[in-house]
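Given these sequences and hints, build the entire structure.
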Amino acid sequence: METLMLLGDEALAQGALDAGISGFYAYPGTPSTEIVEYAQVSKQAKDNNVHTNWSSNEKTAMESAIGMSYAGKRAMVTMKHVGLNVSADPFMNSAFTGANGGLIVTVADDPSMHSSQNEQDSRFYGKFAMIPILEPSNQQECYDMAFWGFELSEKYRVPVLLRLTTRLSHSRSGVKRRNPLPQNSLNKPDDLFQFMLLPAIARKKYKHLIALQEKFVEESVKSPYNIFDLDGKDNSLGIICTGLAYNYLREVYKGEPVPYPVIKISQYPLPRKQITQLYDMCESILVLEEGMPLVEELITGLKHKGAKPVKGRLDGTVDRDGELNPNKVARALGLKDTYGKDLPEVMVPRPPALCMGCPHTDSFKALTMALEPYGRGHVFSDIGCYTLGFMPPHNAINSCVDMGASITMAKGAADAGLFPSVAVIGDSTFNHSGMTGLADCVYENTNVVIVILDNRTTGMTGGQDYTVFGKLEEICKGLGVHPDHIRTFVPLPKNYDEMVKIYQEEIAYEGVSVIIPVRECVQTLKKKNKKEAAK
Amino acid sequence: MKKDIILAGVGGQGILTIAAILGNAAISRGWYLKQAEVHGMSQRGGDVQSHLRLSEKPIWSDLIPLGQADMILSVEPLEALRYLPYLSNDGWIITNKTPFKNISNYPDIEAIYKEITSYEKHVLIDGDEIAKEINSPRSMNVVILGAAIDKIGFSQQEIEEAIRTTFAAKGDKIVEANILALQAGMKAK
Chain A
55 METLMLLGDE
65 ALAQGALDAG
75 ISGFYAYPGT
85 PSTEIVEYAQ
95 VSKQAKDNNV
105 HTNWSSNEKT
115 AMESAIGMSY
125 AGKRAMVTMK
135 HVGLNVSADP
145 FMNSAFTGAN
155 GGLIVTVADD
165 PSMHSSQNEQ
175 DSRFYGKFAM
185 IPILEPSNQQ
195 ECYDMAFWGF
205 ELSEKYRVPV
215 LLRLTTRLSH
225 SRSGVKRRNP
235 LPQNSLNKPD
245 DLFQFMLLPA
255 IARKKYKHLI
265 ALQEKFVEES
275 VKSPYNIFDL
285 DGKDNSLGII
295 CTGLAYNYLR
305 EVYKGEPVPY
315 PVIKISQYPL
325 PRKQITQLYD
335 MCESILVLEE
345 GMPLVEELIT
355 GLKHKGAKPV
365 KGRLDGTVDR
375 DGELNPNKVA
385 RALGLKDTYG
395 KDLPEVMVPR
405 PPALCMGCPH
415 TDSFKALTMA
425 LEPYGRGHVF
435 SDIGCYTLGF
445 MPPHNAINSC
455 VDMGASITMA
465 KGAADAGLFP
475 SVAVIGDSTF
485 NHSGMTGLAD
495 CVYENTNVVI
505 VILDNRTTGM
515 TGGQDYTVFG
525 KLEEICKGLG
535 VHPDHIRTFV
545 PLPKNYDEMV
555 KIYQEEIAYE
565 GVSVIIPVRE
575 CVQTLKKKNK
585 KEAAK
Chain B
602 MKKDIILAGV
612 GGQGILTIAA
622 ILGNAAISRG
632 WYLKQAEVHG
642 MSQRGGDVQS
652 HLRLSEKPIW
662 SDLIPLGQAD
672 MILSVEPLEA
682 LRYLPYLSND
692 GWIITNKTPF
702 KNISNYPDIE
712 AIYKEITSYE
722 KHVLIDGDEI
732 AKEINSPRSM
742 NVVILGAAID
752 KIGFSQQEIE
762 EAIRTTFAAK
772 GDKIVEANIL
782 ALQAGMKAK
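First to last, the protein sequences are chains A and B. Position one of the first sequence corresponds to residue 55 (the working numbering), numbered consecutively onward. Position one of the second sequence corresponds to residue 602 (the working numbering), numbered consecutively onward.
Hint data in this document are derived by calculation from the structure and do not stem from the laboratory. Predicted model only: the values in this text are computed from it and were never measured. A few of these clues could be false.
Unchecked claim - Listed below are the simulated BS3-like cross-link pairs for lysine-lysine, each with C-alpha atoms no more than 30 Å apart in a straight line:
#, chain 1, residue 1, chain 2, residue 2
1, A, K589, B, K771
2, A, K97, B, K702
3, B, K658, A, K308
4, A, K100, A, K585
5, A, K276, B, K702
6, A, K581, B, K771
7, A, K230, A, K100
8, A, K589, B, K603
9, A, K395, B, K771
10, A, K261, A, K276
11, B, K752, B, K702
12, A, K580, B, K790
13, B, K698, A, K395
14, A, K581, A, K548
15, B, K698, B, K715
16, A, K390, B, K603
17, A, K276, A, K209
18, A, K585, B, K702
19, A, K269, A, K209
20, A, K395, B, K790
21, A, K287, B, K771
22, A, K308, A, K365
23, A, K585, B, K771
Rendered as structure tokens:
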């Protein structure tokens, strides 16, 4: 078969397509977005009627994927790490229901927070849910593990967590394809109690999941994706690498054999047999893992008397936070580190910024003016391009916590007596998690001003559409906001005075106000114009 | 043989196109390739970089280790300096001269040039101006690539072929404009 040059994300999507997937479900989130974007433009996906549309959020995506699995077909839900927090409820319970058609939950972590509000390691979720975890180390494994994950999922009727990290998601390399498999046919579960988590059934399900644990360990012990390179080595040190960390280890030895015994983990739970063997044969252990010290904690245990030294992120051999790189691994091994030249004095940072002509800039400028009499600290915001409104010269917002938190935090602060209490949220973020918060405000007629910045797209992740496009005003009305206090304007410099006035009037109104500035994102507009011109 | 190249610029300046062209040239040779890109928040006018690794032998790390890059290839002069910790002792700095000023504290441009020219192995050319001269202002990135290909070790013919592959879907006009840009960049040094 042909070789393709693919990002890790794309390799996984192509693998899933070739492995007979029937549906991808997702809400965009860096670094996971390109998985579904790849499928959305794939002719193969279209020809085979594979579901690739975006979902409203990660929870709805997860539940839809579980539903597709119920119907006997192979499904994958994809998200960034914080998306798994949003969908944690169906995720945890899916371990109890198990799968019918193969079900892969793909989560792309972002260590070093290149484009995220926190750093968390989704392997803990996999362990928490007691399901197998796959952690590919390169693009080819991303492709192959789609096949492997679906097989494993169907063999044990259990969802499988597949964990990516930024450097693999967004790095390109050659990937060899296999012959594509057909999709599963529609096939309801044999046991119609399978997805019925009433306590009496759920208790049995839990015992079943517990009983599967040893089988999962056996799978890891013989997994072709775990590498056990143990013989004929210098036993003063044993190295355990997970996922991508293995590449950095091989890099620092220039691709030559590593002098110490090495285990590479790409499938969990940990292969206890070989890990024990490594521990017994070596004087000390070094754990190299991308993310939090999950494996290291398991091996360190109680540090009882006579325990062998375990080195890694916990003892400071490797930095506790941030992503790994070849230099960190070289230092952990006491090898000669390399470094170019220090940055010259003339260097200054160039942080991301709102684009030239961005509608948010105009919306923020007028809002800041309207709030001037009250001093700073009144604006709760959210996750999206507009979070950059924090940066100078805008200095326009005061919080960024999680998707939808702007509205509910503004509510809590208003409940506490803060006036004015303003929420600034994007249209797609409102779609994702804003509506329920607005319902809370309407229920109590809380004195808040909610600004929904409608740039007609999901901007920060590159311009994806969303499910309630064009319906924001109707939704606010439907949720009970008084029509007189749903205001819209076009955020342009020429409308500045009108914008300030609308903000002032709604701040003065005691109750729930929604202001919707509507102007398309300059990036999606540019793309659209280019496409038009090409016609 | 291997070539580790840090591609640098500001979001939207076209460094991924350079990566695609070099990638296609490497594939034609039957070489291995890894290319780490920046997506997401940083693309919003912030600094962006791509680690491009080309090699006859399999490549392990997606990231180039600090101090081991053979070249910094930049479409913006300040951004060329941002990755100095990655540059090996005998590495090249090849960069565009035209600053992209989207920050209020952009440093004195002469100080930036002075820093760049303090490296013996440097090429500093006005890619924007050259691209304008050949009536192809959007091809600045390929002009800069043109100034680098002999240092990377590719022939003109190989890169022209790679340009044809990379831009095939965009039509002959775009292909020819980029080949002209490549040639102008090669002559510019």
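Going down the list of hints, with the structure as the test:
Using a Cα cut-off of 30 Å, the hinted pair K589 (chain A) and K771 (chain B) holds, with the two alpha carbons roughly 12 Å apart. Straight-line distance between C-alpha atoms of K97 (chain A) and K702 (chain B) comes to about 41 Å, which puts the hinted pair past the 30 Å bound. A hinted pair counts as satisfied when its Cα atoms are at most 30 Å apart, and K658 (chain B) with K308 (chain A) qualifies at roughly 11 Å. In summary, the hint linking K100 (chain A) to K585 (chain A) is supported, as the alpha carbons are separated by about 21 Å, within the 30 Å threshold.
Only pairs whose Cα atoms come within 30 Å are accepted, and K276 (chain A) paired with K702 (chain B) is rejected, the gap being roughly 56 Å. Note on K581 (chain A) and K771 (chain B): the hinted pairing holds, with a Cα-Cα distance of about 15 Å set against a maximum of 30 Å. Only pairs whose Cα atoms come within 30 Å are accepted, and K230 (chain A) paired with K100 (chain A) is accepted, the gap being roughly 22 Å. This hinted pair does not check out: K589 (chain A) and K603 (chain B) have alpha carbons roughly 41 Å apart, beyond 30 Å.
Taking the CA atoms of K395 (chain A) and K771 (chain B), the gap is near 40 Å; set against the 30 Å cutoff, the hint is violated. Proposed proximity of K261 (chain A) and K276 (chain A) is supported: the alpha carbons are some 24 Å apart, at most 30 Å. As the CA atoms of K752 (chain B) and K702 (chain B) are separated by approximately 28 Å, the hinted pair is consistent with the 30 Å bound. With a C-alpha separation of about 34 Å, the suggested pair K580 (chain A) and K790 (chain B) falls outside the 30 Å cut-off, and the hint is violated.
The straight-line distance between the Cα atoms of K698 (chain B) and K395 (chain A) is roughly 21 Å, inside the 30 Å bound, and the hint therefore holds. Between K581 (chain A) and K548 (chain A), the direct Cα distance comes to roughly 25 Å. Compliance with the 30 Å bound is thereby established for this hinted pair. At roughly 12 Å between alpha-carbon atoms, K698 (chain B) and K715 (chain B) fall within 30 Å of each other, so this suggested pair holds. The straight-line distance between the Cα atoms of K390 (chain A) and K603 (chain B) is roughly 21 Å, inside the 30 Å bound, and the hint therefore holds.
For the given pair, K276 (chain A) sits about 15 Å from K209 (chain A) by alpha-carbon distance, which is consistent with the 30 Å threshold. For the hint pairing K585 (chain A) with K702 (chain B), the CA-to-CA distance comes to about 28 Å; that is within 30 Å, so the pair holds. A threshold of 30 Å between alpha carbons decides the hint, and for K269 (chain A) with K209 (chain A) the separation of about 11 Å falls inside it, so the pair holds. Between K395 (chain A) and K790 (chain B) the CA atoms are separated by roughly 25 Å; this keeps the pair inside 30 Å, and the hint holds.
Restraint check for K287 (chain A) and K771 (chain B): the C-alpha separation of about 54 Å exceeds 30 Å, so the hint is violated. Under the criterion of a C-alpha separation no larger than 30 Å, the hint pairing K308 (chain A) with K365 (chain A) is consistent with the structure, at around 22 Å. Annotation: proposed proximity of K585 (chain A) to K771 (chain B) holds, straight-line Cα distance about 12 Å (limit 30 Å).
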